[in-house]
Every structure is written in C-alpha cells, then in structure tokens.
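First to last, the sequence lines map onto chains Z and X. By the numbering used here, the letter at position 68 of the first sequence is numbered 68, and the numbering carries on one by one without gaps. By the numbering used here, the letter at position 231 of the second sequence is numbered 231, and the numbering carries on one by one without gaps.
Just so you know, these hints were derived from the structure itself, not from any lab. One or more hints might be untrue.
As the list claims (entries may be wrong) - Now the stretches of chain Z that chain X is said to cover, found in silico as 3 or more residues with beta-carbon under 8 Å: (1) 79 to 90; (2) 96 to 109; (3) 209 to 223; (4) 262 to 269.
Even for Gly, the Cβ is constructed at its ideal location relative to N, Cα and C.
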Amino acid sequence: MLDWFLTYQSLFAFIGINGLLALSVYCTLSCGQLSLANAGFMAIGAYAAALLTLRAHAAFPLALLVATVVPAIVAVPLGLPVLRLRGVFLAIATIGFGEVVRLAFVNWDYTNGALGLVAIPQKTSLWMVWIALALALYVLGRLRGSRIGYALEAIRQDEPASRAIGIASTHYKVAMFAFGAALAGLAGALEAHFTFMVAPSGYGFGRVVDMLVYAVVGGDAIFYGPVLGAAFLTALPEALRGAGQAVGLAPGPLRLFVNGAILLAVILFLPNGLVSLPEAIRRWRMRRMPRAPLG
Amino acid sequence: MGQQAINGIFLGSIYALFAVGYTLVFGVLDILNLAHQAVFMLCAFTALAFVSGLRLHIALALPLAAIVGGLLGILLERLAFRPLRGRADSNISGLISSLAAATIFESFALQMWGPDVSRFPFGTFPDKPIHLGAATVSALQLTIVAIAIALMALLTGLLSVTPLGRQIRAVAESPRAARILGVDVDRVIAWSFFISSALGGAAGVLFGLAFNSVSPDIGRSIELKGLAVIILGGMGSVAGAVVAGFVLGIIEVFTVAQIGSSYRDAVSFGVLFLILLVRPRGLLGHSATREA
Chain Z
1 MLDWFLTYQS LFAFIGINGL LALSVYCTLS CGQLSLANAG FMAIGAYAAA LLTLRAHAAF
61 PLALLVATVV PAIVAVPLGL PVLRLRGVFL AIATIGFGEV VRLAFVNWDY TNGALGLVAI
121 PQKTSLWMVW IALALALYVL GRLRGSRIGY ALEAIRQDEP ASRAIGIAST HYKVAMFAFG
181 AALAGLAGAL EAHFTFMVAP SGYGFGRVVD MLVYAVVGGD AIFYGPVLGA AFLTALPEAL
241 RGAGQAVGLA PGPLRLFVNG AILLAVILFL PNGLVSLPEA IRRWRMRRMP RAPLG
Chain X
1 MGQQAINGIF LGSIYALFAV GYTLVFGVLD ILNLAHQAVF MLCAFTALAF VSGLRLHIAL
61 ALPLAAIVGG LLGILLERLA FRPLRGRADS NISGLISSLA AATIFESFAL QMWGPDVSRF
121 PFGTFPDKPI HLGAATVSAL QLTIVAIAIA LMALLTGLLS VTPLGRQIRA VAESPRAARI
181 LGVDVDRVIA WSFFISSALG GAAGVLFGLA FNSVSPDIGR SIELKGLAVI ILGGMGSVAG
241 AVVAGFVLGI IEVFTVAQIG SSYRDAVSFG VLFLILLVRP RGLLGHSATR EA
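Let's have the full structure, built from the sequences with the hints guiding it.
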C-alpha cells in the first residue's frame, strides 16, 4: 500500500493541481461565462512565487499568498471591461490576454525569456496541494444554495433577466473571475515548486484548453465535477500506457486521441459531464425496461 | 519600405485566406470552429504526401488537398456540430466539440507523420527572384498571393451571385426564415463547411510551401492570428476578414522591422484586445443584436 502510494505520489500531486485548475475554469463557467484567461493567471502566480522563493528567498507560505492574491488583483481591472463581452467574444478576448501574458514572459530577460526559471526549490508537498484543493472545494460547495449561489445560477440561466430582478451581475461575474484567477495562480505556484521550473511554453493556449476539458468532462453543473474530470483525465495516461504498447501506438498520439474522443463523447452524449453518468445510465435502463401491462 | 510592404501583403494573404473560412462558418452558424486550424495543418500534410509520396505536381496536389480539406469539413460538421444543433448553449458546446475534433485530427497527424518538421522535396516550386524596383519578390510569393486573392474573389462571387451563395447568406441571416422559404438548411450548412475548410486547407498548403515546413503544430499559431483577423474584420464579415488579414500581415511585418521579432505576436493580440474593448463589431461588421 505504502509502496503503491510512493510510486504514484507525483500523480496524486498532479491530480490535485489539475483539480485546482479545473475549478478555476469552473468559477467563471458557474455564472455562464467561458473565460480562457486562466493559463495567463497561472503563469502570473507561478512566476511571482518562483521569483519570491528563488531570488528573494521568501518563505513559501508568503510566496503562495502572493501567487494567489496578485492574479486576483490583475483580474479585477481586466474583468470589468472584458466581462461585458459575451459568449465567443469573451472566449477570444481572454485567449488574447493569455497569449499576451505568455509573450510578456517570453520577452522578459529578468526571467530568462523563453527558457524560464529553473532550480526552483521543491517546497510543495502532497498535503499542501490537497489542502488547497479541499479549501477551494469547500468555498465553492458553500456557495451552492446560498444567496450568492442562487445569484450565480440566475446569471448563468439568463443574464438580462437576472439583472431585471436586481442582481448586480457584473459584480458577481468579476468576483468569480477574480476567484478563478486566484485559484489558477495558486495552482501555478504549487506546480512550480513541485516540478522545479517555470517556462512560458507551459502556459500556452493548450494549457487552458486542458483545464476546460477537465471541467467539461467532469461536469460543470456542480462544483465537484471539474475535480472528478481532472482526476480521471490525469490518471488516464497511466492506465493507457500499457494499452498503447499492446496496439502499437505511440503514447503521445494515443493520449491526444483518447482525450479528444472522450471530450467529444461527453459533449455529445453527456452534456452534464461524467458526474451525470449514473443518472444517464438509470434513465437508459428505465427506457429499456418492459412496460407493465395495462389493466 | 517597399520590401516590407511586399512581405506584409504576402503574409497577409495567407492570414486572410485562413480567416475567410473561419468567418464564413461563424457567419452561418454563430459557432467558432476551433478545428479550422487542424484542417489547415492536415491539408498541408496531405499536399506534402501527394507531392513526395505520389509524385504529383504541386499544381495538382494543391486543389486535391483543398478538396480533402473540404471533405474533412463535412466530416467535422457531421461529427461535432450537427448533433449539437438546437441545444440551448450550442455556441459554447460547439466551440468545445470543435476543440475535441481538433485534438483528434492532431493525434492523427502525430501518429502518421510524427512531431518533427517535414519539408517539401527540393524543387517542388521553381523559386526565382523577381526584382520590382528596389524590392525583391520570389515567384513563389507572387503565386501564393495570386492564388489567395483568386480564391477569395471566387468566394465573394459565389456568395453574391450563385443560388448557393444566396442560400448561405439567407441561412446566415436567419436559419428559421430560410427554412420557411424552402432552403434546405442542413445542406447549406454542410456546403458552408466544405467551402470554409477547403479554403482553410488551401491556406495550409500555401503556408507549408511558403515556409517549407510542415509540422503538427503549425495550426496553433495561425489559429490565434485568425481569431485576431476575424475580430478586427468583424465576426462573420468575409470582406472584413480579407481586409483585416492584409492589415494584420502588414502590421506584423512592420513590427518586426521596427521593434523586433519577439514582439510580433504580442502586437496582433494587442490589436485583438483593443478592438474587442473599443469596437467589438470590428472594422466592417454589423452591430450585434441582443442575445437572449
């Protein structure tokens, strides 16, 4: 048991980090906004924390705090104008932001440009990741059924209608945008101090797509769905490693293919994600059951 | 100065051709097809396979690859878009399903051709420089610009005078009204995807020829450029995408010349960002109606 745990320790850490990232995307999805800025926020958090521990020799908790707070502070002035955009326009604007952040780090000599920072002290341990994840889940779980939770749900369903009944939708949207940014920044800092390095290439468009995929595959209608999706998709390559060798496919393409196929299947057949799988199976069974004879 | 302008027009013609397909589908379906870049990439590989594998002439390989691209577009529509039609959040779920399709296409390219850069065989296109005053332009560049402009002119003609073009515009205006007037909406959408993806595929082949490098990730950067172009031009506006494609190409080339190559991409995203905040309808777009 302990052996097994030690073998897969890094896998568990990555599940926790990816869970946090999935939740950061869920924050804006929970009020119906598709924002793809989170890789940018993650980069800001990761670089801020790494610079603090590496160059200023700051204490790790302080670095984590800064990595959480700074992206949220950046998110507010960004979110105020950007969240006026809807649907794909918001998605495109936030993709643009993410790329600008990445390119800024590529061009910043102080952080070694495209090479990034290396030899970051390894300070993240597994329990920190999981406590951070538990805290995020707790906060998001408490929102459900609260006044704020209902307001978010109303904005998600129909924003103009929610404004008509007196919900300050902009405030809620910006708050969730900033909260998502904070989670992404924290996850970035934890990851940087687990893998010893940060580089701009790790925070590109592909990274935010991964986060979105976790959230959608797990199910973005409820707060624990994205974490489930992250756990499933992070653990999957481990399971696929043997299968790929058996059929003679390289691991890279196979992993991509399976990710794409799962995402497609989920969006087509399980729009509420893996979380809704038991429910979907039950309904399917009900339909197949022979009807009781009349009379 | 003249040289920079020529390089800008050359780069811009490829951006424009790519973005025209993007914007066509958005105009018709209100869906951002993020698999467009994967079709772009697969067509570049297809043309490469035709040229180096089957020893076809590039003049034949280009249209064939574009047709393959069009068929991929139809496949894409069947697989990732049609099942979602009528769903309340179809513009977001469509975006996600197109991402899924792009991932599948990319895995296919990785498996078939590997992650490294592939090149067209030497002499695929006779490359001789032509002098225009102080500036130099290669025959290849000139041909690429000419083909791109011809294809875009063809599309404009198709949209404005043919029955299919009228039907596409009708569906873009209102699918429901078009259906009532007897337009076969599903067929029109399938055709839009065919045309869009064929143009995107042609852009991929031209891109591959222009830089003589084809790899599974060439779609990634042009995808984001394409987004900047359609936002700048106005979502759904074909003419806007053409103008914006050239504008972006020229801006980029001058940025590289004046400020340095590392800021090239930052400028295009800066432009994108600014347009979205200041004038979300773009240069030639129509003002958006309220989405309920």
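Original post:
So which hints don't hold here, by number, going up?
Top reply: As far as the earlier hints go, not one is violated by this structure.
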